[in-house]
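K.L.:
Sequence:
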Amino acid sequence: MPEYEFVDVHVPRGVSRKEAARLLTDHAEYGHWELDRLRLLRDGSRKVRLRRRIIRQVRATW
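Residue numbers (my numbering): 1 to 62.
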C-alpha cells in the first residue's frame with residue numbers, strides 16, 4: 001500500500017476562484033502534489049488538503 005505525505009493549505013475568503021485554482025496548480029506542477037480533499041467553510045474560505053506519494057529508496061546490497 002502506498003504511503004502519502006499531506007499538507008494543508010488555507011485559502012482565505014477574499015481569494016477568487018481563479019486565483020485559488022492557479023495556486024493549487026502551482027503546487028501540483030512544481031511540488032508534485034495532488035488534491036486529496038477540498039472543504040468550503042461557512043465563512044467562504046477554503047481548506048485544501050494536498051497529498052503526494054512517498055517514494056522510498058531501496059539500498060543496493062552488492
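No wet-lab data here; the hints were simulated from the structure.
For every residue, glycine included, the Cβ atom is placed at its ideal position computed from N, Cα and C.
Be careful, since some hints might not be right.
The calculated label-pair distances, taken between Cβ atoms and stated as ranges, are [stated by the list, open to error]:
no., residue 1, residue 2, range
1, Glu29, Val58, 20 to 30 Å
2, Glu29, Ile55, 24 to 34 Å
3, Thr25, Ala60, 30 to 40 Å
4, Arg13, Thr61, 19 to 29 Å
5, Leu41, Trp62, 18 to 28 Å
K.L.:
Tell me the hint numbers this structure goes against, listed in increasing order.
P.N.:
2, 4, 5
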